[in-house]
Amino acid sequence: MRKEMPEWLKKHYNRLWARYRHQEFTFKDATKGLGVSRAMTIKTLWELEQRGFVNKERSEVDYRARVYRLISPEDISFATGLYSLVEKERLEKQSLTEKLAFIDDRLPYMLTGSYAAYRYHRYLNPTKVFEIKTKPQDEGKWIAFLTDARTRVFIGEIIETRKISNYAKLLHSAVPIDSARTKTEEGYYIEKLEFLFMGLLKRQTQTSIMEATAIIVQNKDRLKWNGKDGVINLARDLGLSRRLGFLLDAINYEAHVPVVNHDIIRRIEKDVKGKSDEVFPGDAIFQSRFRDLRNKLAHEALLTRDEMKEFKKMKERFEGYRALSEKWGFEVVLPREIIQKILEDLGAKFGKK
Amino acid sequence: MPNLEKNKASRIEEISLKDLARINLEARKFKIDLAIIGGYAARAFTQERSWRFTKDIDFITTKSNLTALRGVFELLKYAYEKTDFGVKGSKRIDKESVELHISVDKVIDWSTGLEYALPKDVFSKSTEMEIKPFSEENKKMEVNSKVAPIEDALIMKLMTERTRDHFDAIAMILDSFERLDKWRFWANCTNSRLEQHTKKRLLSFLADIKKGLTRKIWKEFTGREFIREQEVTLKRRINELLEE
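Here the protein sequences line up with chains A and B, keeping their order. For the record, in the first sequence the residue sitting at position 99 is 174 according to the numbering used here, with numbers rising by one throughout. For the record, in the second sequence the residue sitting at position 229 is 464 according to the numbering used here, with numbers rising by one throughout.
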């Protein structure tokens, strides 16, 4: 991927930078600002985008509507400087993780989300989106550095239908990056197991619950449970003890053997007081399905006997953890087969693992 | 920049894809009825964006093919064992394992208890398709394998209560709808007494679009937004399928 700009492009970039700097602008604004034809504006924005020198965001409502924001000359210099350190032919073969390894400590970052989770659980393939936690002030540098023929970088939502090998999504970290990351043997940084695990519990979607479960099964002896940055403390600080305790109990229950030591669960139990209005998981899909069933069953007179039987069975599927739900003081609408399947797939049932 | 050696996950994928190619070759040589279903079939019928599945490979076969299939497993050093749903082949690679799940004569769904009886023409209609590698390092590998017809693969995805299967079904409808023989789809649903269930499922997909749930499902499994254009196409195609 070339980072250098031909003279004509430099001229157009400078003209746009002088006019808009960090401000957003539309295609129409760019045509007006450059004072060139529509075709030339398309070419200019395309060439800048290919180099990672402009950030483009599409509208959720109308895919064709786009807003642009230029990457600053300083951030461009940073990226071109790094690129100049590498031979061109090697650079073209670089995967995104290799680029992350190359950046090393030049910019603070950590890979998180499904890629980082996959490194720990090796269970559910990651999406094509690399979620990277970075500092907000470094966004421009990251966009300019990571963008290449195979990678596009996004700050907001990823609204893109073109075929791209990698999507990189920049996120902000709530904790100092240095304290929450670890270096992989390949040389790039990923979020530490305990912090990533908390992120999955916090997200509480169906896949994040699956990933959290797989992480426990695969890393139960590696997870740091105690201490300041241990799972128990992090969960308490983030108000996630109830979810954590329930999940560990559910894993042990489905495995028919203690996958996680009961002492750990007892320690978590001490951090949970009273009852909560929370419905777990907060997954919009589960909750909507469960609500629908409850509504349907509330109007018994409108249902046939078969429908009634079917809906009751479906509702029971969501309420498979009644006793644990009671123990942890919140409503759980998690079908049991979700955890059962992971344990089966990972060979953790009946203490095989 | 560091010259990185292949990571563990891509090594496992490389081995399982090579084994898959070999299984396909041996099945062809010994005329064994065997076809891929599940996540790998979804991979064959959809674009790269949507592959959040496990590394295990699901197949279908018939009882009469089991003896020959066992021989193929042994040849490739897979341990062979009977399970509740059929047979399983497993092989250790370092500390990880690759598992082959084979459903025999029918496919039973975990979440609903529903069964899909394999139609008589399922193997004759299965086609060799390219199984695209997931990891960047294996991109150059070219692996072909016999994949169950889209009609059967789709019915099996619609049969379950798992959101992940519903996502696969949506992706298949969006990416491979032109391959779908609607008549065969409904005939096979009827044969397994899944017609009503499938209709209800497709109607629930329409309701999900309306409620904005499809957007959420899409985002969860791809990390990307479900755009209006895709929404309109999906709605039109589901209605087309329901009208048949």
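Please keep in mind that the hints were generated in silico from the structure rather than gathered at the bench. A virtual CB, placed ideally from N, CA and C, is assigned to each residue, including glycine. Mixed in with the good hints there might be a few duds.
[Claimed, not checked] Under the rule of at most 27 Å between Cα atoms (straight-line distance), these lysine-lysine pairs were calculated in the DSS-like manner:
| hint | chain 1 | residue 1 | chain 2 | residue 2 |
| --- | --- | --- | --- | --- |
| 1 | B | K298 | A | K390 |
| 2 | A | K295 | A | K174 |
| 3 | A | K303 | A | K350 |
| 4 | B | K445 | A | K168 |
[To be verified] Which residues of chain B face chain A? A partial, calculated answer using Cβ under 10 Å:
| hint | residue |
| --- | --- |
| 5 | E249 |
| 6 | K290 |
| 7 | F358 |
| 8 | M376 |
| 9 | E396 |
| 10 | A442 |
| 11 | L448 |
| 12 | T457 |
| 13 | G458 |
| 14 | R471 |
| 15 | N474 |
| 16 | E475 |
| 17 | L476 |
| 18 | E479 |
Cross-check of the supplied hints:
1. B:K298 - A:K390: violated (36 Å)
2. A:K295 - A:K174: violated (31 Å)
3. A:K303 - A:K350: holds (26 Å)
4. B:K445 - A:K168: Cα-Cα ~43 Å, so violated.
5. E249: violated (15 Å)
6. K290: Nearest chain A Cβ about 8 Å off; hint holds.
7. F358: violated (26 Å)
8. M376: Violated. Min distance 15 Å.
9. E396: holds (7 Å)
10. A442: With a closest approach of 9 Å, the A442 (chain B) hint holds.
11. L448: holds (6 Å)
12. T457: Holds, about 6 Å.
13. G458: holds (3 Å)
14. R471: Where the cut-off is 10 Å and the nearest Cβ of chain A is about 17 Å from R471 (chain B), the hint is violated.
15. N474: violated (21 Å)
16. E475: violated (21 Å)
17. L476: At about 22 Å, which exceeds the 10 Å cut-off, the nearest Cβ of chain A leaves the hint on L476 (chain B) violated.
18. E479: violated (24 Å)
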